[in-house]
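Order-wise, the sequence lines are chains A and B. Reading the first sequence from the start, the letters are residues 285 to 421 in my numbering. Reading the second sequence from the start, the letters are residues 180 to 268 in my numbering.
Check each hint, because a few of them may be wrong.
Derived DSS-like pairs (lysine-lysine); straight-line CA-CA distance at most 27 Å [unchecked claim]: (1) Lys237/B / Lys378/A; (2) Lys205/B / Lys330/A; (3) Lys330/A / Lys378/A.
Source of the hints: derived by calculation from the structure; they are not laboratory data.
One-letter residues, chain by chain:
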Amino acid sequence: MPENLPLWAEITMTILLIGGAFFSLVGAWGLVRLPDAMTRLHAPTKATTLGIGGVLIASMVLVAARDGLFSVHELLITIFLVLTSPVVALFIAKVHLHLRQDRAALPRPPSGGDWAGYGAHGPTRGERAAPPADTRQ
Amino acid sequence: MIEIALILAAGSFGLGVLMCLWRVIKGPEVSDRILALDTMVINVIALLILMGMALGIKIFFEVAMLFALVGFVSTVAYCRFLLRGDIIE
């Protein structure tokens, strides 16, 4: 356990740790409690940004107070998570739309046409893209 | 004071892992299971950082970074497998 820290560091770290723990609990409880898949996609974003962010900033404060250094590892992890979580959310929403939703029952986009997620990629439920024609002689 | 905060934070992140596990087991759809696994990886990263803070060992940050990388790649690979039936085309 870290010892002999100045009081300001202890107070800051305690607030950040408790806040991060609270938001991670909120995210996990939302994952358990919310009714369907698209709403459940919304809950863990709190745990990803605020929960992890609080813990990482607390760790930066600890390194700054104990060793007098500015630590960059934590910033790397934060930047990586913030960059990748939208990609993951998009992929999971796409899996849900393609595999479980009836395409005809979705609301139409305001510009007409079809949703961009159905564009060129991916077979929808039940229909597979036709294999390329065999052109060998 | 900081010991109590560390233990409380570790307890709630562990509880978060358990809630995600419940969603992995129960979750009616595949997308729910993938999302719960991704959140589990996030919580485990936080637990690793807390452990590094408590023990004062710096190598835990590298472990957490590797966990973040592997978690992202595995989530994307699983989604891609479900969408296309193939990971690398």
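Structure-based check of each hint:
1. A C-alpha spacing of about 38 Å is found between lysine 237/B and lysine 378/A, which places the hinted pair above 27 Å, so the restraint is violated.
2. Distance hint between lysine 205/B and lysine 330/A is fulfilled; the C-alpha atoms sit about 22 Å from each other, no more than 27 Å.
3. Between lysine 330/A and lysine 378/A, the direct Cα distance comes to roughly 21 Å. Compliance with the 27 Å bound is thereby established for this hinted pair.
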